[in-house]
Amino acid sequence: MRTRTLVKVPATARRGEVVEIKVLVSHPMETGFRRDRTGGAIPVDIIRRFECRYDGDTVFAADFHPAVAANPFLAFTTVATTSGTITFEWVGDNGFAHRESAEIQVE
Amino acid sequence: MSWRHGLAAALVLPIAALADAPAPGDRRSGYETMSPALRAMQDDDVANPGMLWVLDGEALWSTRAGAADRACADCHGDAAESMRGVAARHPTFDPRSAAPIALDQRIERCRVEQQGAAPSAPESHDRLALTAFVAHQSRGLALGPFDDPRLRPFVDAGRASFHQRQGQLDLSCADCHDRHPGRRLAGNVIPEGHPTGYPIYRLEWQTVGSLDRRLRGCLAGMRATVPAPGAPELTELAAYLAWRARGMTIETPAVRP
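Protein sequences appear in the order of chains A and B.
Numbering of the first sequence is given in numbering that gives the first Met the number 0, commencing with residue 0 and proceeding in unit increments.
Numbering of the second sequence is given in numbering that gives the first Met the number 0, commencing with residue 0 and proceeding in unit increments.
If we strip away everything but chain A, and leave its shape as in the complex, we get:
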């Protein structure tokens, strides 16, 4: 199963406007505290870090821990400064890395 994301960024905004950004990524967020049917430990497999860059500058970042639910959802705000690309990057265990991007038009 490939990684899927749901991303919501307003297509247009006025300069200086506070805009809300919502992102959701598919990931099991296996805590490492669970055991399988034979009693063996299920190894931890989580996303460790999320970063959002707006025109190259990091505007929001989050460290994830084992208590974060599966398919983590984040909503945050930033100030619309200039037209450009907003990129989202999730990095985690077992080489997990996923990037998405969205365009915003600022008038």
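Think of the hints as simulated: they come from the structure by calculation, not from any bench.
Since the structure is predicted, the reported quantities are computational estimates derived from the model, not experimental observations.
A virtual CB, placed ideally from N, CA and C, is assigned to each residue, including glycine.
Take these hints with a grain of salt, some might be off.
Here are the simulated distance ranges between beta carbons [unchecked claim]:
| hint | chain 1 | residue 1 | chain 2 | residue 2 | range |
| --- | --- | --- | --- | --- | --- |
| 1 | B | Trp204 | A | Lys7 | 22 to 32 Å |
| 2 | B | Pro144 | A | Glu16 | 44 to 54 Å |
| 3 | B | Asp174 | A | Arg13 | 55 to 65 Å |
| 4 | A | Arg14 | B | Ala67 | 52 to 62 Å |
| 5 | A | Ala66 | B | Glu80 | 40 to 50 Å |
| 6 | B | Glu80 | A | Ser82 | 33 to 43 Å |
| 7 | B | Ser34 | A | Gly83 | 31 to 41 Å |
| 8 | B | Cys74 | A | Gln104 | 33 to 43 Å |
Starting from the known structure of chain A, fit chain B onto it as the hints suggest.
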């Protein structure tokens, strides 16, 4: 004295029948008893994790599969048109097996027979994703009406098992879902048990699951015998629940705690 008994029975019976199941106008989806935060999660297609499965199902819809090397879209075209209302009619009477068939079972049959694909397990990701995608095409439509007379005996059988006390706790489904909806079982609000949003994203599961899984979970909680996934008695129960919820709005993919 006998006319008095007769009169008393005539007065009591309709009231008892009404108290038995929620009246059509009073039925409430589990959605309405959820917290505002959870309702917002279901309403927002970016926050609703069930949409991940719908998107996966959409991709599967147009992916060629099986020995026939055909995609669902090759025969059925645009799902927004061809699959609209399909979830509202399931479980439906299947003339070939002379029994009700649930939506995921219907999809599975098409996959195996028309596409020549390998059979999938009932709670497998692909089956849930395709079912969620197909059911999502009916979001906002009314469930039902389930008025096929051939379906009737199975709805009746489902109703009988809904009211049958079973398991070590000696409970029936009706004991909670007809008599005490809105009250609490441990920390959870008891819903009326209307299958309007399946497959659902359940927070407790941390994933999407079928009505079948929900019913088996409930039976295990009652410490009753749990049928195998896809067992006919579960489909009968699903047919009764769907009939009982006829006219209610389809929410797929719903979010539930």
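Quick rundown of the hints versus the structure:
1. About 25 Å separates the C-beta atoms of Trp204/B and Lys7/A, a value consistent with the hinted range of 22 to 32 Å.
2. Distance hint check: the CB atoms of Pro144/B and Glu16/A are about 48 Å apart, consistent with the given range 44 to 54 Å.
3. In this structure, Asp174/B and Arg13/A meet the distance hint of 55 to 65 Å, their C-beta atoms being roughly 57 Å apart.
4. Evaluation of the 52 to 62 Å hint for Arg14/A and Ala67/B yields a pass: the beta carbon distance comes to about 55 Å.
5. Hint check: Ala66/A to Glu80/B, Cβ distance near 44 Å, so the stated range 40 to 50 Å holds.
6. Distance hint check: the CB atoms of Glu80/B and Ser82/A are about 37 Å apart, consistent with the given range 33 to 43 Å.
7. Taken as a hint, the range 31 to 41 Å holds for the pair Ser34/B and Gly83/A, whose Cβ atoms sit roughly 37 Å apart.
8. Range check, Cys74/B to Gln104/A: about 41 Å between beta-carbon atoms, so the 33 to 43 Å window is met.
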